[in-house]
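In order, the protein sequences belong to chains A and B. Sequential numbering of the first sequence, starting at 1, is according to our numbering. Sequential numbering of the second sequence, starting at 318, is according to our numbering.
Misleading hints may appear alongside valid ones.
[Unchecked claim] In silico DMTMM-like cross-links for lysine to aspartate or glutamate, where the CA-CA straight-line distance does not exceed 25 Å:
| no. | chain 1 | residue 1 | chain 2 | residue 2 |
| --- | --- | --- | --- | --- |
| 1 | A | K160 | A | E102 |
| 2 | B | K580 | A | D222 |
| 3 | A | K160 | B | D496 |
| 4 | A | K160 | B | E493 |
| 5 | B | K427 | A | D233 |
For the record, the hints were derived by calculation from the structure and aren't laboratory data.
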Amino acid sequence: MEGLFTDCTLTCLDSYDVEPKLLFQWLRVMEKFPVAATALSIPVYEKLRSFSAVPASRRRYILQIDRPADKVAYPGFDGYLLPDQRPSKNREAERFCCIDPEDQLLFYQLRGFSARTGISARPLFAALQEKYGRRVEIAPLNAYHCATALAVQWLQQGGKRIAASLAGLGGYACMEEVLLTWYLKSGGDFSFGRVALPQAKKLLEQMIGHPLNRKKAVLGADIFAVESGIHVDGLRKAPELYEPYPPEWVGLKRNIVLGKYSGRSAVRAKAQALGMKLENGQVETVIRCLQTVCAEGTGRLTEREFYRLIHDQKTVS
Amino acid sequence: MKKNAFHIVDTTLRDGEQSPGLALSSRNKMILAQRLDALGVYEIEGGIPAMGALEQEAVKGMSLHCRRARIAAWNRLSLQDIEASIACSPDIVHISVPVSDLQIQKKLQKDRDWIEQSVRVCIAYARERGYVVTAGFEDASRADMNFMIGLGRQLKEQGVSYLRFADTVGILTPQETYDKIKTLRDASAMDIEFHAHNDLGMAVANSIAAVQAGARYIDTTLGGVGERAGNCSLVEFLEAVSLDYESPFRIEAVQEAAALASKLFGLQDGRDVSL
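Let's have the full structure, built from the sequences with the hints guiding it.
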């Protein structure tokens, strides 16, 4: 099983004021990803060129262009992606051609499918694979929140090529979700993710000028936080109970947050993580505090509040 | 357009609030419950009475003040939990049943026989007291299908109203969701509820695959709040499901409710904003 992924993040940054250096760094980080190609838009390429040449790479570089003439103006790419002018019967996706410098067709890209929700794309995808064979890449769009699922459906049906962007920038499928799903299902080695995903995430945040949502699947800072007693207890016994994959795969760590759902084992585990030892009575005090303070207040007991609670209690007793 | 294909079970106030760092005061819980009631949600998962007096008050209050939505109380597989729920007079007693061997052995340190017997005892206890009971298969996506089918048939005999299939760690794809739900539903004859998590970014697509496979109840939260990468967002689900199914919800009203939840949770943005 093999998927051929195109990273199209750098085609989605035309409206952002990105430092050229970051674009260069992005290409270096993409070296670590299991992607076959990186696509760039002309404005992004112009900006990058002001800083450095495109670094030599095992990856293919593809320039997204509007007219065949652009190919002459920007030589040196492995491929050029341009809109297919010929009429197409397929109303669900726009067709693009990816050609090499000698005008030979590398593959077609079909971009769209956003009105499909996953398995409802199955007959359509089967027909496309029949028609194009391996020479077709799909770039599902996320208008109805199903782009990742469509990409996965394509791969599970035997499709090969997918175009996606990190965190779904520009309305594409989320590359990190598609890749992780693909590796989980095929049992591959995801070890690139530990270093490469946090680096790519940080660069993306710098390029777009704001942090990603903390709950964003695969990338969010808080996705491995746990609070409820039943889960903390379970995680202590066996982490895989409440984790879809080990946090290290994506460069994250487990983190216990104390809140109203935390039980005794969560309180003890948190104390242990902070290098504190609690008496039984102290555990009960913390639990009572969590149920009242957290339910009426901000929702979590910070580490500082936790320290103070234990400390004050020691002083009293 | 297909009609009347699904009911919404909203779990913002249970699985959503269980998200680390999120909590609501009893008053805010009631505000959200009434808003969900007004939207036309079929069932509201109101909380876990076994947690204590505050939670019990909240569930009691919802049962009194919500006019259309059924209020469900969540329970572990334990008579004490169920007693605490019954004291709140909910419309539905929901009993969660770990079904994967991973959960049964490593979390509970029990075996499948123990699960079957406990399920029998707990459900009988709630049914004898006249309650509508639903059962939730926890970690169903990693569980043995034949074991779930056997348990499903047992639920049917005991008069359980519907069976929740929980993708507890959010690892299913739409194709897998469809196949599993269809198999379980056909073989057990139980009505199915589907509970998604968004760990691989497919909570919405999986929930729609579940509807396509015949699941009649779909679990959602406002803004997609929930553990880890969250649950299935009600707004996102309704937007996508409306492509193929008739939906009685007014999307603007649901968006307003999600914005209110976000505000009450103290979030700057809901999870719906992925960037």
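Results for each hint:
no., hint, verdict
1, A:K160 / A:E102, "holds, 24 Å"
2, B:K580 / A:D222, "holds, 19 Å"
3, A:K160 / B:D496, "holds, 23 Å"
4, A:K160 / B:E493, "holds, 19 Å"
5, B:K427 / A:D233, "holds, 16 Å"
Consistency note: the structure conflicts with none of the earlier hints.
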